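Listed below, chain by chain, are the residues.
Protein chains: 4
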Amino acid sequence: MSHNSFGHLFRFTTWGESHGPALGCVVDGCPPGIALTEADIQPFMDRRKPGQSRHVTQRREDDAVRILSGVFEDERTGGPVTTGAPVSLMIENTDQRSKDYSDIRDSWRPGHADYAYDAKYGVRDYRGGGRSSARETAARVAAGAIARKVLGDAITIRGALVQIGPRAIDRSRWDWDEVHRNDFFCPDAETAKLWEADMDAIRKDGSSLGALVEIVASGVPAGWGAPVYGKLDADLASAMMSINAAKSVEIGAGLEAASLRGEDAADEMYLDDNGQPAFRANHNGGVLGGISTGQDIVVRFAIKPTSSIRIPRQSLTRDLEPVEVVTKGRHDPCVGIRAVPVGEAMVALVLADHMLRHRAQTSR
Amino acid sequence: MSHNSFGHLFRFTTWGESHGPALGCVVDGCPPGIALTEADIQPFMDRRKPGQSRHVTQRREDDAVRILSGVFEDERTGGPVTTGAPVSLMIENTDQRSKDYSDIRDSWRPGHADYAYDAKYGVRDYRGGGRSSARETAARVAAGAIARKVLGDAITIRGALVQIGPRAIDRSRWDWDEVHRNDFFCPDAETAKLWEADMDAIRKDGSSLGALVEIVASGVPAGWGAPVYGKLDADLASAMMSINAAKSVEIGAGLEAASLRGEDAADEMYLDDNGQPAFRANHNGGVLGGISTGQDIVVRFAIKPTSSIRIPRQSLTRDLEPVEVVTKGRHDPCVGIRAVPVGEAMVALVLADHMLRHRAQTSR
Amino acid sequence: MSHNSFGHLFRFTTWGESHGPALGCVVDGCPPGIALTEADIQPFMDRRKPGQSRHVTQRREDDAVRILSGVFEDERTGGPVTTGAPVSLMIENTDQRSKDYSDIRDSWRPGHADYAYDAKYGVRDYRGGGRSSARETAARVAAGAIARKVLGDAITIRGALVQIGPRAIDRSRWDWDEVHRNDFFCPDAETAKLWEADMDAIRKDGSSLGALVEIVASGVPAGWGAPVYGKLDADLASAMMSINAAKSVEIGAGLEAASLRGEDAADEMYLDDNGQPAFRANHNGGVLGGISTGQDIVVRFAIKPTSSIRIPRQSLTRDLEPVEVVTKGRHDPCVGIRAVPVGEAMVALVLADHMLRHRAQTSR
Amino acid sequence: MSHNSFGHLFRFTTWGESHGPALGCVVDGCPPGIALTEADIQPFMDRRKPGQSRHVTQRREDDAVRILSGVFEDERTGGPVTTGAPVSLMIENTDQRSKDYSDIRDSWRPGHADYAYDAKYGVRDYRGGGRSSARETAARVAAGAIARKVLGDAITIRGALVQIGPRAIDRSRWDWDEVHRNDFFCPDAETAKLWEADMDAIRKDGSSLGALVEIVASGVPAGWGAPVYGKLDADLASAMMSINAAKSVEIGAGLEAASLRGEDAADEMYLDDNGQPAFRANHNGGVLGGISTGQDIVVRFAIKPTSSIRIPRQSLTRDLEPVEVVTKGRHDPCVGIRAVPVGEAMVALVLADHMLRHRAQTSR
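Protein chains in written order, with full-length UniProt numbering: chain A, 1 to 364; chain B, 1 to 364; chain C, 1 to 364; chain D, 1 to 364.
Read the hints as simulated data drawn from the structure, not as lab findings.
Small disclaimer: the values here were computed from a predicted structure and weren't measured.
Among these hints, one or two may not hold up.
For identical chains, the list gives no copy identity; a pair is met inside one copy or between any two copies.
As the list claims (entries may be wrong) - Calculated cross-link-like contacts (lysine to aspartate or glutamate; reagent style DMTMM-like; alpha-carbon spacing at most 25 Å): (1) K149 to D40; (2) K149 to D62; (3) K328 to E196.
Input sequences plus hints: build the corresponding full structure.
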């Protein structure tokens, strides 16, 4: 058991605090012989890194990732490949501001983990949230890039933001290409424009907004996952809920499944033009009985609004004195935006693990 | 790693199929010296067992649980107590009907795990769903009863059904006592009456309904859980999503958190009349940064409508022939009802595990 | 983590006490489609079961094993096969004598776990040693029989007793067939005869003897195991040391390796007549760097003499009073004899686990 | 499951190759509030590091360890303490010689893991042995230093070399202080002198010698460990056998236990002068039934002679051509010497893990 590791056979362990010298992860269980360089990882880092638009935190980090082990350039193979040994990845922190943290140090910021950490550990690295900072997700994205290499090109994992605050996209306008054209990973160009205004307003208010993220994995073969406690969807649920500020996880129809009738929820099967089993709908999000069906795997998770806001909130100090908390500094007014690449990474990591788990038991 | 185990320090492993001779579980890691007899477990079994009303399956099972190990009656202690050794629990199956399963054997029932199992294993115990049957949850409830004993009387775990199909309860009428008075674990007497009619209608239609379950754990001290991948809410998410037919998990405000503004989501703190830190709201469902806050822990999960319905559905046989599937026999028209005691058990199991995990690292 | 489970992918969990109603195990991770009936398991149980000769305990147990789950007889496949679901095995205890245990209850028997259990748990099922009884190894042997089925016929796992007390076999007379012809699993007929006399003498003395067990696994392909903490030999060491009364584990040359020079220990390689890599010696016991080499895997472990003897020993009661302990009743005068099938089972279980682990990472 | 992690609750994961830029480990599960700086770790690194005498490899590494996370200097506590977050440790490689490795690249060195790695992974970082290099043990020693802090001052873990080649120490001359005075961690000054000559001779011969290491842990309370598969001695066996070149593990009397009679092996108990339970002997090495007894925990392990020798050995290339292997370069003529601090570290790591495991289940 490790509170800072995720996965069983494809397993990664993260370390590092927001304002420490560096953060990183160790990826263990990687199959050997997979071509891997830092250039395979960096593009994913760049999608998550701060400072990409005015709608995210203005902290400046290159998030340059460095591979310290587990990869070897054998002259006979013509390029660096994984060796099966643990891959250690490190990202140096470069823009930790040496400001005065005394207010964060002594106050429990509402909505943050400050009080809970103090209750648990009695000591807390308060600088920038320490270990509870969303900066930890940089390591997930780095590990997720390796997971994608393990999964191979036949599996595609894409994420999108489908709601900011109360405003949801129009799903009839969904266009994956659009995701790359706006600052929100939004698949609906019109909604993206409205979100620009929403975000500018909320920033002006000194407040923040929640969001809903959707991740779709295509090309996953039928048969991955396991019944009961190794369910693919249970592991996805754990993975998504482990992302900072996540408050819900849905698979397929998700919460809406509660309102359905049996004949609507039970996706019918037929033989497609290639003579392959196919489904007429995907209310089950690509998972039945905890095992993949070959359909798209569809996962959604809600991210609560950033707790760091300029609007004053009542709280307590560590000495149990009342205090008014106002958070200045650099923060994401909608932390859900940058959760999109993180969600993609976590789905990739769950799938890579299940690929190996499936292979172990069934040799397929 | 085990696909049929759950938990790390308080850990249980289940086994058994719907139509095998028996099912059961092994509970490992139980602290020693806890008074435990079958009478501590049976009442929870009885709440989950089939045949309790016309709204659930008419299969008749006593679900009598037998303790086979891990408990010892020392004459000096005056009653059976746990010894710290694994507690093996067994429940015999008594009402497996020896009917002809040839239709289930060869067809992939829509919404069920049949196709996924065949894709994974190539062999499947089709009798009553085999391992994917909700009958497996009897073992969870048995293990959950032990978890409650480990947690002690200061922690209360209660569940309720808050929605069937599109009809939700009125939360202003919430009364925990009402949960024990109707066939639905419904905390709102008026909605319970409406559900009677809804359920009679859906049964007559040969269809089924989804539902939404809410579990509340009170008395959990602040500090349980862990950051990052050992988050209390991530483990709860995994636990809930592992329940048959679950499609969503929410903590606190859950999905609604996406629509909130920062000042609404960040629950303010104050000093209560006992001089203890307290919160003015609980949008975070008793968990911040993956660690309990001392507030009520609030978890919800959606259960899709039972896939076994009398309305014909199109599907395929194992030989890839089109087939129309009609499910007769004994089934829950709303499997969400009996998911309430299962959800309670899973929350108890997660909490007992985290109690030990917290103690291990912090000695508190 | 589970203190009563062993293995990672092929994983089993045992439960039960010496004088409880039954004992058993749950085997998880078994590949699907493997033919398995109780008749595959029982012969191994019979080799370990008590009462087979005058040199072992006279307790009478049929050790009849019952498969409760995880196997299904599909009419299309023509026989029961594993389904990939957990296999639950149960063995009823039938010859627990309802005698007066008050002396064992209150005294800490020297060499036994009584004092250690009390120090740890504060409560102890003292009847027949409870959980610490060698009766637990019946479950290992049952699980080991399944492991052999997973490994297949190309891998042979055989054990032998190579020393009882100070008398070792003459290795030049090693004959595997002889193992089945005497009461000691002894591969050297002449030594077996001497052991008869040794054992009769020690039994008459009311004392007991230690022993050395050797297990050889042939046919294991090169490449199983893993570097560093997943070493095949480290897992074998853990497995052997987990057997009751084991005090040493050796791989290949073992302890003797300390006395060797480099040129003797580094087994030379050459190309055999089939054009395959081969070794001129096997000082490394078939494992290099934690990974199998394709040679025979050779493991030895020492079993201390049975602590239950008729010769009086000084000890303490739970109330810290001096007491003289004399153990009557039915005991193995050399518990090492029945450790041979147990050691074989544990080697099979380690290998089955590593077969799946290897396949997971390398797809071979 | 992770092939590069060890421990369950106090758990560390190592990474890095002999000739990569760095190596290190992540220590997870560390209790919070423990004072920790690099100065607590470095002295242990210095005992293991190469180049300390003419009897070990002449590679020059400072082995300067750097703490990258998990420790925080809170002005209120007056010094850096652990926070409960993962502690990441890094050691840069500084003396990797950029020589021509083409002979190692293509040949399978006898006694080394080369062939086994190729059989498993198909690719191998051959520079200095890559991941299979004893350099990995630097990370163990660093993690072990933290384990010692967790265990506290009441527990002492000391190691000694008790045999080199066929020459063992005289135990009647055992003096722990002597261990620090010679180049061999030898507790017997006279034998140390003889070893000087033995080592000079073997070096001149271009050969190498095996050794036997003994580790003693004092002050461990009774009750740590667990029955069956969580045995303290089984975990010690796994830990010791995971050390490079280890071929045997013994607890207490170890292999000698096979030759004993029951009345000799079953250590008698009495009440000591403080009215505490005590033992008249320690044939069981401080562990009964897998659980500590409060006596000294005594572990021994044999280290085979270094496989890298100047004496030519026959082997094969990757292309299955016969080749004569002669290893020049910097190597330990007796790798057992530097295994002493490694063995100490592994014992500390096992004990710290079991301290937390014991606390979790029994709250003591």
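Hint-by-hint comparison with the structure:
In the homo-oligomer, the alpha carbons of K149 and D40 lie at most 25 Å apart inside one protomer (8 Å), although the nearest pairing across protomers, at 40 Å, exceeds that limit. For the homomeric pair K149 and D62, the shortest alpha-carbon distance inside one copy (22 Å) is at most 25 Å, but the shortest distance between copies (36 Å) is not. In the homo-oligomer, the alpha carbons of K328 and E196 lie at most 25 Å apart inside one protomer (22 Å), although the nearest pairing across protomers, at 54 Å, exceeds that limit.
Of the numbered hints stated above, none is contradicted by the structure.
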